[in-house]
Structure formats: C-alpha cells, structure tokens
Amino acid sequence: MNLNSLLEAILFASAQPMSINKLSELVTRDAKEVEQALEELKERLESSESGTVLVRSGQMTELVTHPEAAGVVRAVLKQELHGELTKPSLETLAILSYRGPLTRPEIEQIRGVQSTMILRNLLLRGLIEQKEDTRLGQPTFGVTVAFFKHIGVSGPEDLPDYLALRGHSAVEQALQELV
Amino acid sequence: MNLNSLLEAILFASAQPMSINKLSELVTRDAKEVEQALEELKERLESSESGTVLVRSGQMTELVTHPEAAGVVRAVLKQELHGELTKPSLETLAILSYRGPLTRPEIEQIRGVQSTMILRNLLLRGLIEQKEDTRLGQPTFGVTVAFFKHIGVSGPEDLPDYLALRGHSAVEQALQELV
Amino acid sequence: MAYEVKIEHFEGPLDLLLQLIESEKLDITSVSLLQVTEPFVKLVRENHGKIAPEDLADFLVVAAKLVYLKSKALLPSLHDDDLEEGPDLETQLRLYKTFAEAALKIAEMEKLGRSSYARTYRPLKPEVSFIPPEGITGEMLRELYRQMVRRLEPILALPKSSIERAVTIEEKIDQLRTRVSKLLQSSFHRFLSESQDRHEMVVSFLALLELVKQRIVSVEQEGHFADIRLHITTSV
Numbered sequence: 001m002n003l004n005s006l007l008e009a010i011l012f013a014s015a016q017p018m019s020i021n022k023l024s025e026l027v028t029r030d031a032k033e034v035e036q037a038l039e040e041l042k043e044r045l046e047s048s049e050s051g052t053v054l055v056r057s058g059q060m061t062e063l064v065t066h067p068e069a070a071g072v073v074r075a076v077l078k079q080e081l082h083g084e085l086t087k088p089s090l091e092t093l094a095i096l097s098y099r100g101p102l103t104r105p106e107i108e109q110i111r112g113v114q115s116t117m118i119l120r121n122l123l124l125r126g127l128i129e130q131k132e133d134t135r136l137g138q139p140t141f142g143v144t145v146a147f148f149k150h151i152g153v154s155g156p157e158d159l160p161d162y163l164a165l166r167g168h169s170a171v172e173q174a175l176q177e178l179v
Numbered sequence: 001m002n003l004n005s006l007l008e009a010i011l012f013a014s015a016q017p018m019s020i021n022k023l024s025e026l027v028t029r030d031a032k033e034v035e036q037a038l039e040e041l042k043e044r045l046e047s048s049e050s051g052t053v054l055v056r057s058g059q060m061t062e063l064v065t066h067p068e069a070a071g072v073v074r075a076v077l078k079q080e081l082h083g084e085l086t087k088p089s090l091e092t093l094a095i096l097s098y099r100g101p102l103t104r105p106e107i108e109q110i111r112g113v114q115s116t117m118i119l120r121n122l123l124l125r126g127l128i129e130q131k132e133d134t135r136l137g138q139p140t141f142g143v144t145v146a147f148f149k150h151i152g153v154s155g156p157e158d159l160p161d162y163l164a165l166r167g168h169s170a171v172e173q174a175l176q177e178l179v
Numbered sequence: 001m002a003y004e005v006k007i008e009h010f011e012g013p014l015d016l017l018l019q020l021i022e023s024e025k026l027d028i029t030s031v032s033l034l035q036v037t038e039p040f041v042k043l044v045r046e047n048h049g050k051i052a053p054e055d056l057a058d059f060l061v062v063a064a065k066l067v068y069l070k071s072k073a074l075l076p077s078l079h080d081d082d083l084e085e086g087p088d089l090e091t092q093l094r095l096y097k098t099f100a101e102a103a104l105k106i107a108e109m110e111k112l113g114r115s116s117y118a119r120t121y122r123p124l125k126p127e128v129s130f131i132p133p134e135g136i137t138g139e140m141l142r143e144l145y146r147q148m149v150r151r152l153e154p155i156l157a158l159p160k161s162s163i164e165r166a167v168t169i170e171e172k173i174d175q176l177r178t179r180v181s182k183l184l185q186s187s188f189h190r191f192l193s194e195s196q197d198r199h200e201m202v203v204s205f206l207a208l209l210e211l212v213k214q215r216i217v218s219v220e221q222e223g224h225f226a227d228i229r230l231h232i233t234t235s236v
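For the record, the sequence lines run as chains P, S and C. Numbering of the first sequence is given in our numbering, commencing with residue 1 and proceeding in unit increments. Numbering of the second sequence is given in our numbering, commencing with residue 1 and proceeding in unit increments. Numbering of the third sequence is given in our numbering, commencing with residue 1 and proceeding in unit increments.
In case anyone wonders, no lab produced these hints; they're calculated from the structure. Backbone N, C-alpha and C define an ideal beta-carbon position, used for all residues, glycine too. There's no promise every hint is true.
Unchecked claim - Stretches of chain P that chain S covers, calculated by requiring three or more beta carbons in the stretch to come under 8 Å of a beta carbon on chain S:
#1 1-9
#2 14-26
#3 46-60
#4 72-83
#5 110-118
To be verified - Lysine-lysine pairs mimicking DSSO-like chemistry, simulated, CA-CA at most 27 Å apart:
#6 P:K78 x S:K131
#7 P:K32 x S:K78
#8 S:K87 x C:K50
Bound conformation, chain P alone:
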C-alpha cells in the first residue's frame, strides 16, 4: 500500500487532527517522507474529485468533508438528531426506563442485539445519559430526568407495572445466565 493511502486510512479512522510526528511514528517513516506523502494525498483527493479534503495547519493535519458538501453533511447530522426513533431505539429506552442503569453488554443480553449505534443516538438526543457507576469496567446508562418528565412520570416507580417488570425473572435470568 502507498504511504499516502496508509496515511489517509489513519486520518480517516482517527477522525481528529494528527501531528506529522505522530503519523511518522505510526508508519515508522521519517517526517520528511510523511510530509511528502501528505502532499501527494492532498493532490490525489483533489484530482480524483473526492468528497473529502486534507486540511493542514502547521504540524497538524486532518481529513474533513469537502466544503461543497457542507449543506448535505449538516442535513445528515440533523437527521440523526431529529429522525423518528426506530423500534430498537424505543426498546432500549424501555429497558433503561424500567431496569436501568445498565451497561451496554447488559442491554444487549436483554435485547439480544448489538446496540452500540442505538446508544450513541439516544445519548445524542439527550434521552439517556452515562451514569456515575461502572460495572465490570463498563459504563452504565440510564434514561434522563427530562425523558421521564416528557412521558409524564416523576421516576421509574410511576411506570405501569413497574415492580413486576423491573424484577421479571426472564430478564434477571438473561442477565445472569446468558453471558
């Protein structure tokens, strides 16, 4: 693989500005070669009409979307915030309302489906938040006060059938056995 393609992959994955030194360390090539390859990358992105561009500021460099795509990129982020919640998202809200706080693996045990993206979206929308407690090195999540308020309850105890559902044996068993 070309050095400039390798640098592109690194900058893409890290999604933040990186210094020439750091890059040079990662690819075990000297700073001069990295500078040269970044120049090539910049030109390649331009000439191939890529949707991304390389921005440089002193020692720091970052891969970002092309300025001409700014409008649609804003729309993407807006949609992520305002789009209708999917069934998996609503399910996750239901578990966390009744049985929270829980860690991601615990939520996944109950839902039976990977939930990384869902948690990310619910966090972004302020419907859930990371709690102070951690369990087995994992952060725990619970619904926000604002969400409880929104559905017109003052806390989980006010949810319908709270006691029966919170301690439901199937859920407890899933948390204990299906690990």
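With the hints as your guide, set chains S and C onto chain P.
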C-alpha cells in the same frame, strides 16, 4: 459536486452504515441513481488507490478503512484483533452470506442442528441482523456490513466462489427440497 | 476402527457424519452412509455427556435416520412415516459440505487479520440537546418491555425443551430396534420366503450377505441344513 463525491462526504460524516433509502432521501435522488453513484464511488476509490473502501451488504453501505491498512489502523484505534470466530459461527455466516436472508428453520435444515444460540451470538456481535422480510411467519436473517469489514471484503461478491455457490443448481435444488 | 482416534471434536451431527465419511475417504453416497452408521451411533452414545443438551436431539435424529436406512436395506418392507419425513440425509449432507468448505475459506480470510474499520465517531456538538420521540407513553414502554421478555423466554427454556425432544427421539429409536429385531428373529428361511420370486430371493440373499459382512446382522446356524437365525447387532 458529483453525486458520488457527495455520497462519499455523507458516509464520511455519518461514520456508520447507511441505507440506500436514507442516502437517496438526503440527496433527493432516486434509489437507482444512488446505487449507480455508489458503484462509481467504489470504482473511484479502487482506481485512485484510496486508503478507504466502500462495503456493501444488501441495502446497507459504509465507508471504511482499506483492509491492507488493518495493522496500523488497529494501532491508531488501540484495538485488539477480534477473537476468532468459532466453527458453528463461520458455518452460519457462510450460509447467510452466500444464500441469505434465511429463516432460522432454513438455517437449521442446512446445519442439521438447532441454531437459536448461534444466531443469538451473531446478533449480539452485530455480525448478522434481522431483516424486514419474513417467510412463513418467521423472521429472516442476513449478514451485516460489520461481518464483511471483519474479514476484509467489500461485499458478498468478493467471497470465494460466490457466484458458483450462489447460483449453483445442485445447491439450489437441495435447498428447495430442504425448505 | 480407524475413526475412533481421529474424531475428537465435532460441532453437529452433520459435521460428525462428514468427518466419518471423509476419514474413510468415501464419497457421500447412500452406501457410505450405511458404512458409517455404526461408528456414528457409537460416537453419539459415547459422547452423550459431552454433547450440549440442546444439541443432543439433533444428533439422535440423524442416528435414527441412519439406523432406519440400515434397517430398510435389510427389510425393504419397513416403513416409518416420521423417519421418512424431511430431507434425505444424502442431499442434506452434500449441501452441508458445500457450506462447511466455504466456512473454512472464510476462516482463512479471517486469520489474515485484514479487517476494515469505521471512522471513529466524534459528535460535532458536545452539548447535548433534548429531542424526545413524539407521542411516547409509559404504556408503550411497558408493551415494548413485555415484547422483549417474550423474546427471551423461549431462549431461556431451550435446554429444557431440547432434553424433552431428545427423550422422544430416543424412544423412537428403541421402537425401531424392537420392530427390526422382531422381524429378524424370524428365521432366514422366512426371510427368504418373503421374497416374491427367485430373482428377489437372490437379491435378498446378497443383501443379507452384505449386512453380515458389515456386522449389522449376525447369523447363527445350529447345524448343517438347520434354519439360520438372524440377529440385528446395530443398536443405539
């Protein structure tokens, strides 16, 4: 800006798999044009020796790092190499990537063994997902973009013997007898 | 027998069956299925405790089908609706082999460690807004929670329901054995006299010789020209 460059910018910004429908909504072009532009994007990334590739699984597509950059990218992300998949997992993934989406009873006919737990594990790891379609009242399952990313191919057609197995008449006939 | 040492680990009944056939360098045919019936049944019996309880029923289904095939070779008149049902084992095994081989190739690819990675997600605005879904109520959350519980229940009940299923199939195999041995304890003379004509008699005799050779059937004869007694030796 080209439609394909615009799509690249969107996929870059969203940093997660997106459906053709969602993309088509965002750029206000029909699904067919989006499909076509994604094909162009895929080819452009390949021919310009980009550090990123486009992965496709059914309706979902994602922009990700090139498989050849795996080692360095893992170092950047401070990620461990993912655990090796077990034989039953591989079998189920092979069946679903060549012949999916399939229902659980269909998978069980082929494997000759109950597959509830293996499907659950794969769902938890995000390597398969439940599809919208059902058959005879049963949900169907297919592999995800995450599976293709894991083994470093850009879609089912890059799997060994894909065309042969997908269209194999003996396989076809046997499947029809089975399910 | 050679397979005893070779096969230590198997994932499912078809995996075991395929390993047995391949360890004998056989192709997948109805004849080779008959040849591996005994080692299959033996291995399942020996590994009863090691096979996951939820998988045992599936091993027994294949064992029952194999014993049935073998019994049918001996007694073509034998018929069992339950065991005739479903895919024939040969087709099923061929198809399984196709995917088992594809899985091996995928395993090779995985070993290369050439994974692709998504772009790290970093939210643009760190301050969180509050954007709730419209029309959500406590009742809806309760219904969603209940749906998840309903999804979990069959998974949690799996080991128990599988054990029950295994017992049913074991009974089935017993029934089959009893029927076959009853039929077989009939003498050789009667066995042959069931043949319609001379041609069929020869075929039956050859089939019997083959079964004796494969040690499915043992033969006893008390003296020259005395009636030959047959016993089935395949058991589960």
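Hints and how they fare:
{"no.": "1", "hint": "1-9", "result": "holds (count 8)"}
{"no.": "2", "hint": "14-26", "result": "holds (count 3)"}
{"no.": "3", "hint": "46-60", "result": "holds (count 5)"}
{"no.": "4", "hint": "72-83", "result": "holds (count 7)"}
{"no.": "5", "hint": "110-118", "result": "holds (count 5)"}
{"no.": "6", "hint": "P:K78 x S:K131", "result": "26 Å, holds"}
{"no.": "7", "hint": "P:K32 x S:K78", "result": "25 Å, holds"}
{"no.": "8", "hint": "S:K87 x C:K50", "result": "17 Å, holds"}
The structure fails none of the hints (numbered hints given earlier).
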